[in-house]
Each structure stands twice: as C-alpha cells, then as structure tokens.
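The listed protein sequences derive, respectively, from chains V and B.
Going from the first sequence to the numbering used here is simple: count from 1 and add 10.
Residue numbers are given in the numbering used here: position 73 of the second sequence equals residue 62, and the series is strictly consecutive.
Quick caveat, the hints were computed from the structure, so don't treat them as lab data.
Values in this document were obtained by computation on a predicted structure and should not be read as measured data.
Fair warning: there could be bad hints in the mix.
If you want a taste of the chain B side facing chain V, the calculated C-beta under 8 Å gives, among others [what the hints assert, rightly or not]: (1) L18; (2) A21; (3) V40; (4) R49; (5) V77; (6) P100; (7) V103; (8) H105; (9) T121; (10) K199; (11) E240; (12) D244; (13) L245; (14) N248; (15) H251.
Derived coverage of chain V by chain B (criterion: at least 3 residues anywhere in the stretch with Cβ under 8 Å from a Cβ of chain B; other residues may be distant) [stated by the list, open to error]: (16) 50 to 56; (17) 185 to 192; (18) 344 to 357.
Backbone N, C-alpha and C define an ideal beta-carbon position, used for all residues, glycine too.
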Amino acid sequence: MTEQVDHRVAAPGRSNLDPAVLAGAESFARTWATAVIGSSYVPMTRAEVAEHLQALTEVLVHALHASPFRTAPGYEIGARLVEAHFTGTDTLGRTVQLLGDDLLGELGIQPDELMRSRLAALQGALAAGYARALRERTLAEQEAIRAAVLDARDQAEAALRASEARFRAMFTEAAIGIGIADIEGRILDVNQALQDMLGFSVEEMRQYNIRDLMHPEDGGSVWRLYDQLTAGECDHYRAEKRFRRADGEQVWTHLTLSLVRDDHGDPQYQVAMIEDVTDRHLLQNRLRYQALHDPLTGLPNRALFLERLGRVFNNRARHRAGLCYLDLDGFKVINDSLGHDIGDQLLVEVGRRLDHSVSGEGKLVARMGGDEFVILVEGSQDTQDIVNVADRVLRELESPIRIGGHELTVSASIGIVERALSGTTAADLMRDADITLYWAKADGKSRWALYNPERNAKEVARFTLSATMPAALERDEFYVDYQPLVRLEDSTVVGVEALVRWQHPEFGRLAPDRFIELAEETGLIVPLGRWVLRKACEQARRWLEEFGDAAPFVSVNLAVRQSRDPELVRDVKRILDECALPPHHLQLELTESAIMGTADEPLEALRALSEMGVRIAIDDFGTGYSNLAYLKHLPVHELKIAGSFMEGLRAADEEDAVDVQIVSTLVQLAHALQLGVTAEGVETPAQAKRLHRIGCDTGQGWFFAKPMKPESIDELLRR
Amino acid sequence: MDSVERPNWAPDDIDLGRPSIARVYDYWLGGAHNFAVDRAVGDKVLADVPVLKSVILNHRAFLRRAVRFMLSQGIRQFLDLGSGIPTVGNVHEIAQSTDPDARVVYVDVDPVAVAHSRAILTGNELVNVLQTDVRDAKQVLESTEVQSLLDFDRPIGVLMVALLHFVPDSDDPHGIVADYRDAIPSGSFLAISHAGYEEGEWDPAWDDAKTTYNRGVSEMTYRRKQEVQALFDGFELVEPGVARLPLWRPESPDDLDENSAHFLSFGAVGRKP
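Bound-form chain V, shown alone (with noise of 0.2 Å):
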C-alpha cells in the first residue's frame, strides 16, 4: 500500500553514539511512546511504536550536534511520523511538548543557550514538516476517496447503463407485444413487436388511453378485472382479447396485464404482453365453423342447430320457438336414378332456397343429414308463424329445378311443432317435430303437417302396444276366441272363426282391429299367427275327439304377411302333425289382396296347403279388387261375403234390391266356380231368412252367435 513504509528507520552514525546517551535516548523514546500511543491508530505494537521513535530520537541527537547545524531532521521527522500514521494531531503537540521538556535532559545535555536554541529551531522544523505531510496525505486521501467516488459512480452507471440497455433489448426485441401505462391509462411506451401487431406508431399509441383500446366484443370481465387491477385490487391478469388494428382488421390477442407498485405499494404503471393468435384464432374459427357446417350446403349442420336450439331454451329471451322439420319427398329415386351427383347438386339448389325463403332475425335453416332440413323460428307469435313459413317454403320448392339438364319437380313433407317454450325442452321439440314429419308423409306428402297431441297419444299407445307385444306372446296374454260358422240349411255348426284377444294388463282385452295391423309392421304377425294357428289346431282336435264327425273346422285368419312366409307351408304340416288333425278340419281365411296381389311363390304354398286337403277361404270378399277370371284358377274352397253386403238384407220389412242383387250373383258366381259361400256379420233373423233363400251356404254373425270361450262352443255342439 501507499502507507508501506520502512518505519525501522536506521539513525545515520548510531553506533558513533556514546552508550550513555543511547541510553538516554532509549529512555527519551519510551516515554516519548506512551505519550503519543492512543492519540492515533498505528498498525503497530507498543515495543514496535518504542522502536520506531528511538530512530526518530536518535536521528533528533544527531542533529542536535551536528555541524554545520541543519533543520532539515527536524522536518523529515515530522513527515515521518506522518507516515507511519500519527495523523492524531494531539500526537505533535505532545511530541513538541515532550521534546521541549525532557529531551535535552534525558540524553544529559547542558541546556545552555545553543542547544535550546538548535532544539527550537528542530521542534518548529518537525511542527512545519509533519503539518506539511500531514497537509499533503490529507489532500491525497480526500483526492484518493473522490476518485473511488467517481470509479465507484462510473462502475455503478455502468452497471446501470448495461442493465438498462439489457432491458431495453428485450423490451425492443421482444416478439410478445409489450407496452406500459401509466395508471390513468396513459400509454406510456410500446415495442416494435406491439407497433407492428396493431399497426401504430409509438407516437400514435401514445395518443391513446387504454381505455380507447376497448373492443366492442370485449368479454365484461376483460374491462371490470381492469378497473380491479389499476384500483390495485389485484396485481394480473389475464383475458382473450380483440384489438383495432390501424387498418381496421382485427387482431385477436391473449393478453396479461400486470400491475408495477411504487415503493409503497401504490399502483404505479401498468404493463401489457400481448401475444397475437389470431392466425389461432381463424384457425379455431375454420375448424369451428367446419364443425358446425355442412359442407355440401353451406348451411348449419345439426351439430350447430342443436346448439342453437339448446341456446333458445337455456336463454329464454322469448317465449316460443318453432321448428320446421322437412324431408324430400321420393329423393332417394332420384338419388338412385340420376346418380348422387345429380342428388347432391339438387339439395345444394333446395339448400339456396330454403335459406332465401327463411332468411331473418331468429330464423335457422340447417341440413339434419341426407335430404332432410329443418328451420328453427326464435320467438314465434303462435302456431301460424310457422306455418306461414312451412307454406313460404313449399310454394319456393313449386318452380321446377334445373340441373343438367333435368328438369326436376321436388316436393317435400314438413312436420311442424311451434309451443311456448316453458313446460317443454328441445328434446321434446325435436322428437314432435320428427314424428310430425312422419304424419306429413304417411298423409301423403307435398304437405305440411302440425303436431297434435291426440294424434300423437294414439301413437304412442299404439307404439306401445307394438312395443310390449312380444313380450306378451311369450307370457300368454294373448288367447282365442271362436265364432260359429252355421249352416244356414239346418242350422248346424260346421266350423268356427278362431279370433285372437290380447288380455293386455293395461288397457284391458283388446279385440284383433287394435293390434293385428300393428303385428303385421312389425312382423309379429308371423309368430302370432303360428301361436293362434297352434291353439286353433289343438283346439280342433279336441273337439275331433269329443265330438267326432259333429266336429266343427277352425277357420284361421292368414296375414298377408304369413301367406308370403316361406315356412308357412312347412309350420301348418307340423302343427297339424303335432296335434294328430286331419287337414280338413283347418281352413285358413286370407283376404282378396292377398291371394290376388300375389306373385307366384305364395300361390305356390296356397297350392300346397289346398293339396293337403287344407280348406283356402277369401276373407272379406266383394271388397277388394278381385280378378274374376283369375279366381277361377286358384285353389280356393270358400268365398266369405263381406259384411257390408248384408246392410241391405238386414230390415224384417224391406230389403234393399242392389245389395240384393250382389249377393245373389256372388252366390251364383261362386257355385259356379263350385266354391261355398259363407255370409259374414249376419245380425237379424231377417238377414238369415233372405241369405238361405238367395242360397248361401253358411252364416256367421252375431244373429247365430257372439265369438266365444271353446268351453261355449262345447255347450253349443252338445245340444
């Protein structure tokens, strides 16, 4: 250090000194230490602090008697007790003091005027040489700690500047859109990357208060977690949010703003990063919009309208809604004849004109899948909104379509529910609307249909009866009633009609008219059939056995649906197998449209039943279209007479001569083609009389008897 100093300063001629005035001098020192120790900090020891003014002293005797005398001693002591850091001013005035009275003394010199005189002029030479180090180390320490000042102040800009430049690199630099706000909203500075994403200058941002940055879209979270964050009652956040580019196009943004406290915790600035998605965004907005967009038509898939229609009800901002639910009438025999191009170019064109026809505030087309569309009506007036709509649409499909060079005529059916929308959800509205669409069908299409309960409730029972029936089969609900088939000559019971009953545990005995048509959609006509076919046979045979040749035949009702089952021949061998009857004892009843309408297969198993020695009747004759030519080569053994035929022949006073007429030429007309005639739904004595004198084989009705339990037909052949 600059301090380093040679404190051991060896006394020029020491050893040119007497031993008495070392000693002297020795002792001058020690005493010379313990006055000035303590008056300054030396980095030295008490014997090291003796040592160093020993060599001062003797250096002080030297001079004393040195020739020529000099002062310069005097001086370079005081300058070195400088040095070695006697800087304690206290230290030169007992140094002088100390020097002025013991000096001369210890080291045995007379006082006289000389030495006193040299020993001032030495003290005052040591007083202006340690004032002047002293001056001189002062100015250099106090320069010393000036320039560590200025290093240190230089070192700590620097640092400062480095920081600075460092932030602002990443400020500038950044690719995140940063900007800063004073806490009125100010807009304080914003980054390149900020400046490109909205397309102003940091001069024109300037200009601007954040909140001039509001969005029209803007979630109202977005502007209330502001006016929490510059309240500083919370530090960030973060949103989705839309900007205002300087072009006018959008920017869509996630945005974190954060709140910059002062020193003692006031809100400050605030600061924005903002990271541009709209390329994101658009992206999600594509695929969204594919999503929810049928790509052949453009318009609302059934994804988006179910949306919709799920919003109508979650809002309730109105009170009714309707839908339009519309299918193509017979598109699938353009589809399969002029091809899907064709198909799909026509709902494309059906598309374009039931949005032109439907278009406005509230108003839905979407296509549902395949040909079917449906358009939803927000807050419709009532029911006639809607079909104003159903009809606006029909009239728009009228105009022929032309495409490639067709020219194709299109209808559609349209099923339509409009309701209030409390008390119903759109679950409801959906299924109404479906079902409707199927009336609007089964009424015969190119037309609109409106939901209706009652019908609806029908419907549904019926569903439900269709639904339950195989369930009823297998645990028996179902059974058979009879009814006499009378000879109208003698009265005779010769055969009986099995009728089947459904004993349904809801809604009570249920007659053949409520259910049979339904087994035949479903195809349960073919097991029900065969069940009532088996019972009848069984039937049959106890009756064989009771009553032997007396026995009556069971006459079973055939569906159509079983006449053209494969099996039917095979089922009706091994049943009457099983229950050991001759095929004489069976007739199976089928009606002219079955045995008419027929192609050759099923004529085949009539053929081969008849040959068995089964007896074929027409159900229900004269009703139908029957081919009479044709009937003359089926193998048919019965004709049964329409019941309607008998209206006429019912009155005891007069009978009708037309209905008359009928009977009698189907009479004749069957025995002529050697056919039995039996006469249905017989109900006066009147009716009877007539049918016998016409020449009617057989009577059936309520005038002869009810249908009946076995057990009763038991009691009848036994009187």
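Use these hints to put chain B onto chain V, whose structure you have.
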C-alpha cells in the same frame, strides 16, 4: 449494509449525502478518506461516547493481533468481511509482511470503499476486492473473486471485525456465521470482534451512540458475551475464549488499563475442528 432487497444488477446508490460506516471508521482511525457528512456523524458519536475512540482503535488492533495469531497458526489466506476503507494496518499488509504469498479477499458492500480498495490494490495479484453484502454468504463464497483466489482445500482465516454488531437479530447473524463456517475447511479460523457489554454495565451514553448510529449510519446491536460466544457454534475457541477486546492476547501489559475489564467490546478467535 443496506438494501439487501435490491436486485443484484442494480448497484447501490452512491449517495454522498449519507454517511457510510466505512468512511466514518476511516475518520475515526485518523484517515481523510471521508466527507463532511461522515465526519459530522463521527464527531457526534464521539461526543456522546468519548470512549468509542478507543473502542475503534481497539477493534483495529484486535484485527492486527488476530491476523498475526492466524499467521502463526499457518493460515495464509484470509477472507476479510466488512473490510471498509483500506486505511492503515490492512490484513494484506500484515499478512504479506509475514509471507509475501499470503492471499486476501476483501468484501464490503460500500461501493466507494470497494472502488478505493481496487484503486490502491491494482497490481497486487494476491488480493481481490468484492462488492457484495456479506450477509449473503452464498453469493460471497461463489463469487469469482473468492473462488479464483482462495483454496478451499486449505484452511482459511475468516475475519468479522467490527461487523456483526451491524447485523440485527432479524437478519440472523448466527445463520450467517454458520453459512461461512460450513463452507470453510477444517483447520480454518474465525475472528469476531463485537460491540457489547455485560449485565449491569449499561451506560446511557451507549444508547445515545447507538441511536446516532441507527439514525445516521446503520442499525447497531450490542450483544452480551454469551451471545458472542454463541456465534462461534461449531468452532473451538482459542485461549482466552471470548474476552474483552483489549484482554484478548494483548501485545504488552502496558496496553491494558483499569478500563480493560469493562471494555465496551468483545473479541474471540475460534478454530473449526
């Protein structure tokens, strides 16, 4: 020693309107590396407690004795924490006068003290100066200045002279000492000198000095002997243990006087076993 909360990249302000401990000490030690504000505080404190002058000189003398003791125990590398302005009688002067190859790292938080140290130490390859808050032992120990100069496989002399009475209990002085202790190898030494007194010795002037310090320079905490002893947890104290500062291995009986037994500071040196 303030603003520990400041991030590392932000240098402390160089505020010449505020006194600094390092410069006040320099003033007390007779140096001129100081400014009017430093001298005003120094004078005010001395006016309240004249004995403090001797206290200051004794801490400095203790530093010398402690370094010399460590040198005698073979220590050749020193870590001087809170080194202040390198006025006179510095660790490297003492150490290098014994062994020119002795190494010293000075650490102080005062940027001016550090700048001055660097200025006068330019060219001395065996001395480094680090500007850091010594309370952050990890940062000190992992610094380039320390790592490049000190060999942690050999014993190190750690010096905390007139330092820890500026570390309030809330800053966990015990934990700070322990952090350094855990980093230095077995055979290392720790020297602490600390302002303090025992029960019953209290003088109202001491509180005045403390108040002046607290207000003008830095918060100061007097500690009892037992508290100072507790700082040496994990060290074996060398004779005479924790002693009044002048009584710790005095160089001469003449250095002692009637006040020594109640001197306002303690000192001790411990060896890490």
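request  = Against chain V, run the beta carbon of V40 (chain B) and see if the smallest gap drops under 8 Å.
outcome  = 12 Å, violated
inquiry  = Checking hints one by one. Is V103 (chain B) an interface residue toward chain V, by the C-beta closer than 8 Å rule?
reply    = 7 Å, holds
Interface hint compliance - A21 (chain B) to chain V, C-beta minimum distance less than 8 Å = 4 Å, holds
key: Proposed interface contact between T121 (chain B) and chain V, which counts if any beta carbon pair is under 8 Å   = 13 Å, violated
query = Taking the closest Cβ pair, is K199 (chain B) under 8 Å from chain V?
reply = With a minimum Cβ separation of about 23 Å from chain V (threshold 8 Å), the hint on K199 (chain B) is violated.
query = Within the segment 185 to 192 of chain V, is the number of residues with a Cβ closer than 8 Å to a Cβ of chain B three or more?
reply = Coverage by chain B is violated for the segment 185 to 192 of chain V (0 residues, Cβ < 8 Å).
ask   = Are E240 (chain B) and chain V close enough, Cβ to Cβ, to be under 8 Å, as the hint says?
value = Result: holds, 4 Å to nearest chain V Cβ.
message = Is the coverage entry for the segment 344 to 357 of chain V by chain B consistent with the three-residue Cβ rule at 8 Å?
response = The restraint on the segment 344 to 357 of chain V is violated, since only 0 of its residues have a Cβ under 8 Å from chain B and three are required.
key: Agreement of hint D244 (chain B) with chain V interface, Cβ distance less than 8 Å   = At about 6 Å, which falls below the 8 Å cut-off, the nearest Cβ of chain V leaves the hint on D244 (chain B) intact, so it holds.
ask   = When the nearest CB of chain V is found for R49 (chain B), is that gap smaller than 8 Å?
value = 5 Å, holds
key: Status of the L245 (chain B) interface restraint (C-beta, 8 Å, chain V)   = Violated. Min distance 11 Å.
task = Answer holds if the nearest beta-carbon of chain V is closer than 8 Å to that of P100 (chain B); otherwise answer violated.
result = 4 Å, holds
Checked against the numbered hints listed earlier, the structure breaks hints 3, 9, 10, 13, 14, 15, 17 and 18; every other hint is satisfied.
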